[in-house]
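Line by line, the protein sequences give chains A and B.
With UniProt numbering applied, the first sequence corresponds to residues 1 to 177, in that order.
With UniProt numbering applied, the second sequence corresponds to residues 1 to 63, in that order.
Each hint should be verified, as a subset may be incorrect.
Stated by the list, open to error - Restricting the straight-line Cα-Cα distance to at most 25 Å, the calculated cross-link-like pairs of lysine to any residue (SDA-like) are:
| hint | chain 1 | residue 1 | chain 2 | residue 2 |
| --- | --- | --- | --- | --- |
| 1 | A | K147 | A | T127 |
| 2 | A | K147 | B | F52 |
| 3 | A | K147 | B | I29 |
| 4 | A | K147 | B | V33 |
| 5 | A | K147 | B | A48 |
| 6 | A | K147 | B | F24 |
| 7 | A | K147 | A | A17 |
| 8 | A | K147 | B | D31 |
To be verified - Pair ranges (Cβ atoms, derived):
| hint | chain 1 | residue 1 | chain 2 | residue 2 | range |
| --- | --- | --- | --- | --- | --- |
| 9 | A | A65 | B | V38 | 46 to 54 Å |
| 10 | B | V38 | A | P35 | 33 to 41 Å |
| 11 | B | V51 | A | K147 | 32 to 40 Å |
| 12 | B | V51 | A | H9 | 20 to 28 Å |
| 13 | B | G9 | A | L16 | 29 to 37 Å |
| 14 | B | E3 | A | L16 | 38 to 46 Å |
| 15 | A | I64 | B | V51 | 20 to 28 Å |
| 16 | A | K147 | B | V4 | 25 to 33 Å |
| 17 | A | L60 | B | F52 | 14 to 22 Å |
Unchecked claim - Residues from chain A shown here face chain B by an in silico Cβ test under 8 Å; the list is partial:
| hint | residue |
| --- | --- |
| 18 | T84 |
| 19 | S99 |
| 20 | A102 |
| 21 | L105 |
Hints in this document: simulated from the structure, not taken from any laboratory.
This one's a predicted model, so the numbers in the text were calculated from it and none came from an experiment.
Don't be surprised by glycine CBs; every beta carbon is placed ideally from N, CA and C.
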Amino acid sequence: MRTSFLNEHSLGWLGLAGRLYLGFVFLTAGIAKLPEPTITEQAVRSYQLLPWQIAPAYALALPIAEIVLGGLLILGLFTRSAATATALGMASFIVGITSAWARGLNIDCGCFGGGGASADPSYLADTIRDLGWLAIAVYLIVVRRTKLALDDLLFRRDAALDDYSESSKKTELGSST
Amino acid sequence: MNEVGYVIGLVAVSAAVLALGVWFVRREIRDEVSPALVLWTGYAVVAAFVVFGVVRTSWVVLS
């Protein structure tokens, strides 16, 4: 009993740490790209994955999406949906980087602004780093509840009340016997 | 890195992820976390994104 209580709490706190870390990463990446849409567009085109015409819209939408997702993760609002979108984003970045590697392109990932041609690409380091962030996003999907999340305040009120009434019943039963 | 090997790996990993997704959705339905319709709709959206990404990337890498 005591062990499961500790586990539930420690997993929740671990989830909070993951949420804050991943949220700040996405927020930082989005803020770095937002003021430089032409450079981001150049970075997107250097991957040679998306159709040429889509690059400007993608370069504009990507930092906004990163900022929104980062904010949602930090606040703990729609956490599992935000983590799912974050995981898909990370997976697409990993595919982009590894496919550039497989095709022998020499580009910078442009993950935190910049990007385009690079004489010294760091594909392995970028892939390992993104795999770590993907693992955190998957953890946030699987763990269901994290500590200090707005989700608990806004959507889990009934569940909280159920927990409370269950514990009250147990207390009453315990006192009557 | 070999392009054909890369595409085979990408397809294999994506198929494994989609299969894990089915297991995950069924677990969530069993535990009554969300309505089944919502979960399967979410899964369909994610699966469509994954399949599109795999097809597009494979096309670009092999062409």
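Each hint tested on the structure:
Distance hint between K147(A) and T127(A) is unfulfilled; the C-alpha atoms sit about 29 Å from each other, more than 25 Å. Pair hint K147(A) plus F52(B) does not hold up; C-alpha atoms about 35 Å apart against a cutoff of 25 Å. Straight-line distance between C-alpha atoms of K147(A) and I29(B) comes to about 23 Å, which keeps the hinted pair within the 25 Å bound. Between K147(A) and V33(B) the CA atoms are separated by roughly 18 Å; this keeps the pair inside 25 Å, and the hint holds.
For the hint linking K147(A) to A48(B), the alpha-carbon distance of about 32 Å lies beyond 25 Å, and the restraint is violated. Annotation: proposed proximity of K147(A) to F24(B) holds, straight-line Cα distance about 22 Å (limit 25 Å). Taking the CA atoms of K147(A) and A17(A), the gap is near 9 Å; set against the 25 Å cutoff, the hint holds. For the hint linking K147(A) to D31(B), the alpha-carbon distance of about 21 Å falls within 25 Å, and the restraint holds.
Between A65(A) and V38(B) the beta carbons are some 22 Å apart, a value that contradicts the proposed interval 46 to 54 Å. Taking the beta carbon of each, V38(B) and P35(A) are about 37 Å apart, inside 33 to 41 Å as hinted. V51(B) and K147(A) have their C-beta atoms about 35 Å apart, which keeps the hinted 32 to 40 Å range intact. A C-beta distance of roughly 39 Å is found between V51(B) and H9(A), which places it outside the suggested range of 20 to 28 Å.
Taking the beta carbon of each, G9(B) and L16(A) are about 34 Å apart, inside 29 to 37 Å as hinted. Remark: the range hint 38 to 46 Å for E3(B) to L16(A) is upheld by a beta-carbon distance near 42 Å. Between I64(A) and V51(B) the beta carbon distance is about 25 Å. The supplied range of 20 to 28 Å therefore holds. Between K147(A) and V4(B) the C-beta distance comes to about 46 Å, which lies outside the given range of 25 to 33 Å.
Checking the proposed 14 to 22 Å range against L60(A) and F52(B) shows it holds: the Cβ atoms sit about 20 Å from each other. With 8 Å as the threshold, the beta carbon of T84(A) comes within range of chain B, its nearest partner Cβ sitting at about 7 Å, so the hint holds. Look at S99(A): its Cβ gets to within about 5 Å of chain B, closer than 8 Å, so that hint holds up. With 8 Å as the threshold, the beta carbon of A102(A) comes within range of chain B, its nearest partner Cβ sitting at about 4 Å, so the hint holds.
With a cut of 8 Å, the hint placing L105(A) at the interface with chain B is violated, because the nearest CB-to-CB distance is about 11 Å.
The structure fails to meet hints 1, 2, 5, 9, 12, 16 and 21 from the earlier list, while all remaining hints are met.
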